[in-house]
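Position chain B relative to chain A; hints supplied.
Residue numbers (my numbering), protein chains in the order written: chain A, 1 to 111; chain B, 1 to 115.
Hints are computed from structural coordinates only; laboratory data are not their basis.
Note that the structure is predicted; figures quoted are calculated from it, not measured.
Even for Gly, the Cβ is constructed at its ideal location relative to N, Cα and C.
Treat the hints with care, as some may be off.
Residues from chain A that face chain B, not an exhaustive set, calculated with beta carbons under 8 Å [unchecked claim]:
(1) Asp26
(2) Gln44
(3) Met45
(4) Leu47
(5) Arg50
(6) Phe91
(7) Met99
(8) Phe101
(9) Gly102
(10) Ala103
(11) Gly104
(12) Arg106
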Amino acid sequence: AQTVTQSQPEMSVQEAETVTLSCTYDTSESDYYLFWYKQPPSRQMILVIRQEAYKQQNATENRFSVNFQKAAKSFSLKISDSQLGDAAMYFCAYRNNDMRFGAGTRLTVKP
Amino acid sequence: NAGVTQTPKFRVLKTGQSMTLLCAQDMNHEYMYWYRQDPGMGLRLIHYSVGEGTTAKGEVPDGYNVSRLKKQNFLLGLESAAPSQTSVYFCASSQLKTILSYEQYFGPGTRLTVT
Chain A
1 AQTVTQSQPE
11 MSVQEAETVT
21 LSCTYDTSES
31 DYYLFWYKQP
41 PSRQMILVIR
51 QEAYKQQNAT
61 ENRFSVNFQK
71 AAKSFSLKIS
81 DSQLGDAAMY
91 FCAYRNNDMR
101 FGAGTRLTVK
111 P
Chain B
1 NAGVTQTPKF
11 RVLKTGQSMT
21 LLCAQDMNHE
31 YMYWYRQDPG
41 MGLRLIHYSV
51 GEGTTAKGEV
61 PDGYNVSRLK
71 KQNFLLGLES
81 AAPSQTSVYF
91 CASSQLKTIL
101 SYEQYFGPGT
111 RLTVT
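One chain only, chain A, in its complex shape (with noise of 0.2 Å):
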């Protein structure tokens, strides 16, 4: 079975700076989807960032850029210039026909 390991519970980073969350899966198939998701205390679960399997460029979005390391099965996210309103939970998810997620990073924001 597909499993999504984020090995870092808590994060923290100041305004402005950039961090790193941290995300490993395990899967045999080849073909495969892996998003980013921050859950905010609102509970609602947002997209961040998409990545193909297929697509060796990495994906970006605005602030939010993703390493992907397909071979070492790594997909750890970037937020650059980071805000006060990106602290949140933040899930890696991993989808084939179904979808596991990891158990999530919550990241702090410093002023």
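Chain B alone, transformed into the frame defined by chain A:
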């Protein structure tokens, strides 16, 4: 555009009681999902549906049943609630499994407490 809605937002049940959670989406999505989220854990898939009239088990299906009688609705049922089912439940939907769209759209969640 409402997106994905869930009813109710909060519920307290006694052990052994039954209830149904309703999920509705207005985006004409084929796929719908039910997840539960427990403290310190990510979302875990309970059941999902790839189309009207079809359902499938996810990672943690025991103690739950689902139905997809209409494309826009996906119901999650608890026949005999247990304290272990205390959780936040999320519904999600997505387009057909295509290259262009694997994104899931989530509802706001339902907080269920079983005493």
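Okay, the hints, checked on the actual structure:
1. Asp26: Nearest chain B Cβ about 14 Å off; hint violated.
2. Gln44: Nearest chain B Cβ about 6 Å off; hint holds.
3. Met45: At 4 Å from the nearest chain B Cβ, A/Met45 passes the 8 Å test, so the hint holds.
4. Leu47: holds, 6 Å
5. Arg50: Since the shortest Cβ distance to chain B is 6 Å, the answer is holds.
6. Phe91: Result: holds, 5 Å to nearest chain B Cβ.
7. Met99: holds, 6 Å
8. Phe101: OK, holds: A/Phe101 within 8 Å of chain B, min 3 Å.
9. Gly102: holds, 5 Å
10. Ala103: holds, 5 Å
11. Gly104: Cβ of A/Gly104 sits 5 Å from chain B, so the hint holds.
12. Arg106: violated, 10 Å
Violated hints, in rising order: 1 and 12; the structure is consistent with all others.
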